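A.B. asks: I would like the entire structure built from these sequences, with the hints used as guidance.
So the protein sequences, as listed, match chains A and B.
According to the UniProt record's numbering, the first sequence is numbered sequentially starting from 1.
According to the UniProt record's numbering, the second sequence is numbered sequentially starting from 1.
It is possible that part of the hints are untrue.
All copies of an identical chain are treated as equivalent in the list; a pair is satisfied when it fits inside any one copy or across any two copies.
[To be verified] Straight-line alpha carbon distances no greater than 27 Å define the calculated DSSO-like cross-link-like pairs of lysine-lysine that follow:
| # | residue 1 | residue 2 |
| --- | --- | --- |
| 1 | 276 | 119 |
| 2 | 64 | 91 |
| 3 | 222 | 53 |
| 4 | 222 | 276 |
| 5 | 71 | 306 |
| 6 | 53 | 343 |
| 7 | 384 | 306 |
| 8 | 53 | 119 |
| 9 | 91 | 71 |
| 10 | 404 | 306 |
| 11 | 222 | 176 |
| 12 | 119 | 64 |
| 13 | 91 | 384 |
| 14 | 306 | 176 |
Hints listed in this document are in silico derivations from the structure and should not be mistaken for laboratory results.
These numbers come from a predicted model, not from an experiment.
Each chain, written out:
Number of protein chains: 2
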Amino acid sequence: MSLTKATLQAGMLSRFHRSVGQVSRGVVAAATCSLTATATTPGPRFSTAAPLKMNVPQPECLQKPLNVPSKLLMGPGPSNSPLRVHYAMMKPLLGHLHPEFTQIMDEVKEGLRYIFQTKAEVVCCVSGTGHAGMETTMCNLLEPGDVILIAQNGIWGERAADMARRHDADVRIIDKPGDTFTLEELDAALAQHKPAVLFMVQGESSTGVLQPLEGAGALCRKHGALLAVDCVASLGGVPFYMDGWDIDVVYTGTQKVISAPPSMAPIAFNDRAMAKVRSRKTPIRSFYSDMTWLANYWGCDGTPRKYHHTGPISAVYALREALAIVCEEGLESLWSRHKACAKKLHEGLGALGLEMYVSDPNKRTPTVSTIRVPEGVDWTRVTKYFMSNYLVEISGGLGPSAGKVWRVGLMGYNCTPENVDLVLRIMKEALADATGKSQKSKI
Amino acid sequence: MSLTKATLQAGMLSRFHRSVGQVSRGVVAAATCSLTATATTPGPRFSTAAPLKMNVPQPECLQKPLNVPSKLLMGPGPSNSPLRVHYAMMKPLLGHLHPEFTQIMDEVKEGLRYIFQTKAEVVCCVSGTGHAGMETTMCNLLEPGDVILIAQNGIWGERAADMARRHDADVRIIDKPGDTFTLEELDAALAQHKPAVLFMVQGESSTGVLQPLEGAGALCRKHGALLAVDCVASLGGVPFYMDGWDIDVVYTGTQKVISAPPSMAPIAFNDRAMAKVRSRKTPIRSFYSDMTWLANYWGCDGTPRKYHHTGPISAVYALREALAIVCEEGLESLWSRHKACAKKLHEGLGALGLEMYVSDPNKRTPTVSTIRVPEGVDWTRVTKYFMSNYLVEISGGLGPSAGKVWRVGLMGYNCTPENVDLVLRIMKEALADATGKSQKSKI
Numbered sequence: 001m002s003l004t005k006a007t008l009q010a011g012m013l014s015r016f017h018r019s020v021g022q023v024s025r026g027v028v029a030a031a032t033c034s035l036t037a038t039a040t041t042p043g044p045r046f047s048t049a050a051p052l053k054m055n056v057p058q059p060e061c062l063q064k065p066l067n068v069p070s071k072l073l074m075g076p077g078p079s080n081s082p083l084r085v086h087y088a089m090m091k092p093l094l095g096h097l098h099p100e101f102t103q104i105m106d107e108v109k110e111g112l113r114y115i116f117q118t119k120a121e122v123v124c125c126v127s128g129t130g131h132a133g134m135e136t137t138m139c140n141l142l143e144p145g146d147v148i149l150i151a152q153n154g155i156w157g158e159r160a161a162d163m164a165r166r167h168d169a170d171v172r173i174i175d176k177p178g179d180t181f182t183l184e185e186l187d188a189a190l191a192q193h194k195p196a197v198l199f200m201v202q203g204e205s206s207t208g209v210l211q212p213l214e215g216a217g218a219l220c221r222k223h224g225a226l227l228a229v230d231c232v233a234s235l236g237g238v239p240f241y242m243d244g245w246d247i248d249v250v251y252t253g254t255q256k257v258i259s260a261p262p263s264m265a266p267i268a269f270n271d272r273a274m275a276k277v278r279s280r281k282t283p284i285r286s287f288y289s290d291m292t293w294l295a296n297y298w299g300c301d302g303t304p305r306k307y308h309h310t311g312p313i314s315a316v317y318a319l320r321e322a323l324a325i326v327c328e329e330g331l332e333s334l335w336s337r338h339k340a341c342a343k344k345l346h347e348g349l350g351a352l353g354l355e356m357y358v359s360d361p362n363k364r365t366p367t368v369s370t371i372r373v374p375e376g377v378d379w380t381r382v383t384k385y386f387m388s389n390y391l392v393e394i395s396g397g398l399g400p401s402a403g404k405v406w407r408v409g410l411m412g413y414n415c416t417p418e419n420v421d422l423v424l425r426i427m428k429e430a431l432a433d434a435t436g437k438s439q440k441s442k443i
Numbered sequence: 001m002s003l004t005k006a007t008l009q010a011g012m013l014s015r016f017h018r019s020v021g022q023v024s025r026g027v028v029a030a031a032t033c034s035l036t037a038t039a040t041t042p043g044p045r046f047s048t049a050a051p052l053k054m055n056v057p058q059p060e061c062l063q064k065p066l067n068v069p070s071k072l073l074m075g076p077g078p079s080n081s082p083l084r085v086h087y088a089m090m091k092p093l094l095g096h097l098h099p100e101f102t103q104i105m106d107e108v109k110e111g112l113r114y115i116f117q118t119k120a121e122v123v124c125c126v127s128g129t130g131h132a133g134m135e136t137t138m139c140n141l142l143e144p145g146d147v148i149l150i151a152q153n154g155i156w157g158e159r160a161a162d163m164a165r166r167h168d169a170d171v172r173i174i175d176k177p178g179d180t181f182t183l184e185e186l187d188a189a190l191a192q193h194k195p196a197v198l199f200m201v202q203g204e205s206s207t208g209v210l211q212p213l214e215g216a217g218a219l220c221r222k223h224g225a226l227l228a229v230d231c232v233a234s235l236g237g238v239p240f241y242m243d244g245w246d247i248d249v250v251y252t253g254t255q256k257v258i259s260a261p262p263s264m265a266p267i268a269f270n271d272r273a274m275a276k277v278r279s280r281k282t283p284i285r286s287f288y289s290d291m292t293w294l295a296n297y298w299g300c301d302g303t304p305r306k307y308h309h310t311g312p313i314s315a316v317y318a319l320r321e322a323l324a325i326v327c328e329e330g331l332e333s334l335w336s337r338h339k340a341c342a343k344k345l346h347e348g349l350g351a352l353g354l355e356m357y358v359s360d361p362n363k364r365t366p367t368v369s370t371i372r373v374p375e376g377v378d379w380t381r382v383t384k385y386f387m388s389n390y391l392v393e394i395s396g397g398l399g400p401s402a403g404k405v406w407r408v409g410l411m412g413y414n415c416t417p418e419n420v421d422l423v424l425r426i427m428k429e430a431l432a433d434a435t436g437k438s439q440k441s442k443i
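C.D. replies: Quick look at the structure:
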């Protein structure tokens, strides 16, 4: 009897139910018949009972349609993705080793080499969001007892320290919350701690600080350290030259300036970094994030690709399109657009009487602006005003800046003069609202 | 002067270029002016030179449109996703802690509780593909020196052993490639090795074996072990009762029966498993996969959600829709559909003179069928025939079955009688082609 979809869907459940029961019994028979010596002393056996009853019914909440409001995300990320990037995820799935897919992976690699400004061989993505890039950096570069020096100027340094400690590294921290490190300070700290790795954050999205990097790589080479840089909140928004600045490891996220959905962590290890990975005395503690496997799966090691893990196919399509858009505009234009829009935002905020958390304009990352909350103003009232009245997100502080600042993101697709104008207009209204209320409450 | 998008895009590059240079110089001034004592002995300083020239141009490959062929994926995964799931990824992005998004996460949790058949509190997703679920299981459950017993009947046991060793666990293996374990065998091995964790694979996609699970949980409790089960290639295609079978940890992937794109690893830890996690003497070696953090981010621990990492927003939408489809059909129907289609496939293959790799029909997972390659047939010629003539994927073996079998997946959206008919029709043609050629080559 031929089995059609129609008959399947037309109430053959009871017959199928019985067959499920038969499988269960059949397995038992098969399992026990393989036993010979112990067959006379009855041991535990797979149950011959009918299948269990389901004790968790279908949830009602999934009967409603998926309903997502359309918001403008002007916080520290994720930022919105252009429709073209969403459309890429409509493309049909491919196998994770199909040649058409590995070609797309190769195109992503080329796009990443451009945005990282590197000719390094090992350029790929970790199949996890930005934090997975940080963790991949730590678990590949660090062996137990290795000294890592963390130049910490916000929450990302703290997170990096947490991860490094989990790998039994010897963590040393130099701390300048909300400020940048000078090369002299880095030089002195490198001389003092003699680390295997110096970890720095280019764009500290918690404080809004932009850490200069040029020269730090040369210092690391002088002191025999590797330089690893977190560019999650800055890459594409400010100049970055992996090779030109002698940076050994860099990673970023997809959901900031690149403007793809959060999904992967683009990452690059240069030859110095891979030499350290390949000469480890202890195994890398993660298989999923093992750079030797990832480098092979991404076709970066000159040997045929082996099956490592199933890549996030649709997310790779989206990243490919987002990188194509970056390449069409060009990095110089992208950097300039971020600089110009941030300047416009900061000037406009100044005109509203607001002060920036990072007072020196040269120390600010254009991608995430931190604005001091004036005394007497309830910061949550302002963020709520943005969201309830305009479906626009700006966010509060994080880590060292929690409760002290608002954070406004200008990243990639969302970084336009029009969006700056909109944020300024709403901020003016929101401040009037918040200040008016606070004056009323004093009466 | 007001800055509009039009002027930005209309050739203001040279001015912006200059301003980028000015930032660079400004940073140096700021960095050096903070030095007082050392200012007389010139140390390293951030360069005052103009920004570097770009040495990596835009790649040409990204100037071409993204071109993805439409294939029918009848291999061991990923399987195709319904359009409704793709459309979910067209929805605009939300912030990873926005209430509308955490509500969608809650809906995903309810869908997962249904498909896992569990009332466990800690049910969530790791933001990585199936392997990330395996690694999360290992890194949370194992401390250095812990004994883990792996019931290995294919490649997934090998991978689990690799991961467990990276966590310095004491790995013990019982090996039955291509076969199932009996409860007696498990009982004896548990008594012998006294493991902290027993790891089993329900659906071994490399060999096509379906491991019965009922009773294994009770044995583990008797011997003081936790039971962790890999259901990546089976969940939704065969009965599974996390609570009813006393399973402590289970994980799966999104790209198999659930039919969402590969992106996340749904995972559940029951109270016994979380007690082990919370009473660890050593830190969990991964921050990203730390179940105490993940449980909090997914709203499973009764405390307000904290920022852990940025979830893969679009992938969560897709999973929500795929789970809604599972719930609409109902698990009993889904299980029956897989059983019926697999039976139809196996009968059809038998009629073509082909033999199954797992000879006992009761030991086969319906989700991935392994078919013996007849002697004298070049298996690659057959898979290539499927792909070149029909854009249909069936795949070769993996691990213990490499070179010996073809693997045909019947999973979720792709598991239909029509697709079975198509595979059988192409197989008949492909075998004639392969056999004909091999006869010709003998002439």
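A.B. asks: Does each hint fit the structure? Answer for all of them.
C.D. replies: Against the structure, the hints come out as follows:
1. 276 x 119: within (18 Å within a copy, 46 Å between copies)
2. 64 x 91: Close inside one copy (26 Å) and across copies (16 Å); limit 27 Å.
3. 222 x 53: Cα proximity of residue 222 and residue 53: across copies only (24 Å, versus 68 Å in one copy).
4. 222 x 276: within (16 Å within a copy, 46 Å between copies)
5. 71 x 306: between (41 Å within a copy, 22 Å between copies)
6. 53 x 343: between (64 Å within a copy, 24 Å between copies)
7. 384 x 306: between (49 Å within a copy, 19 Å between copies)
8. 53 x 119: Between copies, since 14 Å is at most 27 Å while 59 Å is not.
9. 91 x 71: Cα proximity of residue 91 and residue 71: in one copy and across copies (24 Å, 11 Å).
10. 404 x 306: Answer is between; shortest inter-copy Cα gap is 18 Å, intra-copy 49 Å.
11. 222 x 176: within (23 Å within a copy, 54 Å between copies)
12. 119 x 64: Answer is between; shortest inter-copy Cα gap is 22 Å, intra-copy 49 Å.
13. 91 x 384: Between copies only: 23 Å across, 37 Å inside.
14. 306 x 176: between (44 Å within a copy, 24 Å between copies)
Every hint, counting from the list given before, is met by this structure.
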